[in-house]
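**Student:** Protein chains in written order, with the numbering used here: chain X, 235 to 529; chain R, 596 to 791.
I should point out that these hints are in silico values taken from the structure, not numbers from a laboratory. Mixed in with the good hints, there may be bad ones.
No more than 20 Å apart at the CA atoms, straight line, and that leaves these computed lysine to aspartate or glutamate pairs for EDC-like [said to hold, decoys possible]: (1) X:K304 / R:D685; (2) X:K357 / R:D710; (3) X:K304 / R:D717; (4) R:K747 / X:E237.
Model, not experiment: these values are computed from the prediction.
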Amino acid sequence: MSEAVGTARVKRGMAEMLKGGVIMDVVNVEQAKIAQDAGACAVMALERVPADIRAQGGVARMSDPDMIEKIKAAVTIPVMAKARIGHFVEARILESLGVDYIDESEVLTPADFENHIDKWDFKVPFVCGATNLGEALRRINEGAAMIRSKGEAGTGDVSNAMMHMRKIGAEIRRLSSMREDELYVAAKELQAPYALVKEVAETGKLPVVLFTAGGIATPADAALMMQMGADGVFIGSGIFKSGDPATRAAACVKATTFFEDAKVIADASRGLGEAMVGINVADLPAPHRLADRGW
Amino acid sequence: MKIGVLALQGDFREHLVAAKSAGHAALTVRRPEELAEVDALILPGGESTTIAHLAATFNLMEPIRDRIKSGMPVYGSCAGMILLADRIIDGSDGQETFGGIDMTVRRNAFGRQVDSFESDLDFQGVNLHAVFIRAPWVEEIGASVEVLASVKTAQGSHAVAVRQGRLLATSFHPELTGDLRVHRYFFDQVCTGAIK
Chain X
235 MSEAVGTARV
245 KRGMAEMLKG
255 GVIMDVVNVE
265 QAKIAQDAGA
275 CAVMALERVP
285 ADIRAQGGVA
295 RMSDPDMIEK
305 IKAAVTIPVM
315 AKARIGHFVE
325 ARILESLGVD
335 YIDESEVLTP
345 ADFENHIDKW
355 DFKVPFVCGA
365 TNLGEALRRI
375 NEGAAMIRSK
385 GEAGTGDVSN
395 AMMHMRKIGA
405 EIRRLSSMRE
415 DELYVAAKEL
425 QAPYALVKEV
435 AETGKLPVVL
445 FTAGGIATPA
455 DAALMMQMGA
465 DGVFIGSGIF
475 KSGDPATRAA
485 ACVKATTFFE
495 DAKVIADASR
505 GLGEAMVGIN
515 VADLPAPHRL
525 ADRGW
Chain R
596 MKIGVLALQG
606 DFREHLVAAK
616 SAGHAALTVR
626 RPEELAEVDA
636 LILPGGESTT
646 IAHLAATFNL
656 MEPIRDRIKS
666 GMPVYGSCAG
676 MILLADRIID
686 GSDGQETFGG
696 IDMTVRRNAF
706 GRQVDSFESD
716 LDFQGVNLHA
726 VFIRAPWVEE
736 IGASVEVLAS
746 VKTAQGSHAV
756 AVRQGRLLAT
766 SFHPELTGDL
776 RVHRYFFDQV
786 CTGAIK
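Using the sequences and the accompanying hints, generate a full structural model.
**Tutor:** Structure representation (structure tokens):
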């Protein structure tokens, strides 16, 4: 009997199981349990949510293994953790801890301004951020088994997530409408491998699951992203930086499943208390925009 | 037949495609009135805690249990297997299932994602390529449960596909490989009552 672990199929397949779900940022065991009880399909274990990383500044790194292990022990749903862009040793550490997915994330301070991690070389699957189709396909070419649109993390402003989902969707639709002999130039323009460009043109979708992240703060935001074609959503600061996290978390889960049912979303939106304090992305000076990290 | 796929969370789209490819009408089920429309139900892969939570929130728990009791054929893959189990080990606190199959299922029995694997498998004399993702296994079964496939590990042999009457469950995900044989077994043998 041939048996294989860490194949592209089991890595991408894991993301298929997360579809239609909400992945929530948590910084301690208590939050992880709240997320699980609210119906999160996975949690992202990290020391500071993006809003705090933004507020406190400094270099943001991989979280303490102790903290990640405590969260792993506290919940039965999958646990993800973040490594810095290009920091393959942080990724090895996370793999050795047995996390279920690694997010090579622009929310942390990049360790390499040219190269991302060679993700084929790992048994654990990776999710990476993208602002456009070319970036998504470059990450997939490096072995990413799941893509999330970047948005602008830690703001509670959904406009960048919207822009990135529209961009990725529009570029996919454009490829689908092209003649086959035009795909070579399209690949050059997208700075992406021809084989992946051709695959997207033929199937009309990415070869991996596409989630949305960055700035999602309400059930309506989550449903908006699902209607834009996301397979699921990451909510970072939006839940545990709000007034009533347990209620808001459950409401976002409901809105993600019933994203086409305005009545359910309306009911989920009632009495949620304070949303996270937002930052307008337009007010952020360009050097402080996280979505610009990664290339 | 009208095949419903429970579409609360997980890879329900792949099961819809499989049911359509096998020549059946396939509908998403998220509400009790949608459940009432279908002849058989598929419980997809996904997060069993999330699916159970949403089923309870949207008043599907009892209607699904009632349909199972009254003989509706159901097939569950991975999370779906957990949801069909009368008893589970390593669930989250108070995790509920629909139940129906007299078995004890261990969640994430094969380990975490780094231990997820694909492997060839003998399913009723047919060689299948099976994909296991944070997969459960069947720890113990009642007398009326038939084992259809097993996997050997260092801890021994574990059932990964079982049937009890019109209920079928697999630890693995045939919906991810484009191989319709398990789905056809469900539609043609289990749903029709061709095998008892």
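**Student:** Does the structure break any of the earlier hints, and which numbers would those be?
**Tutor:** Structure breaks hint 3 only.
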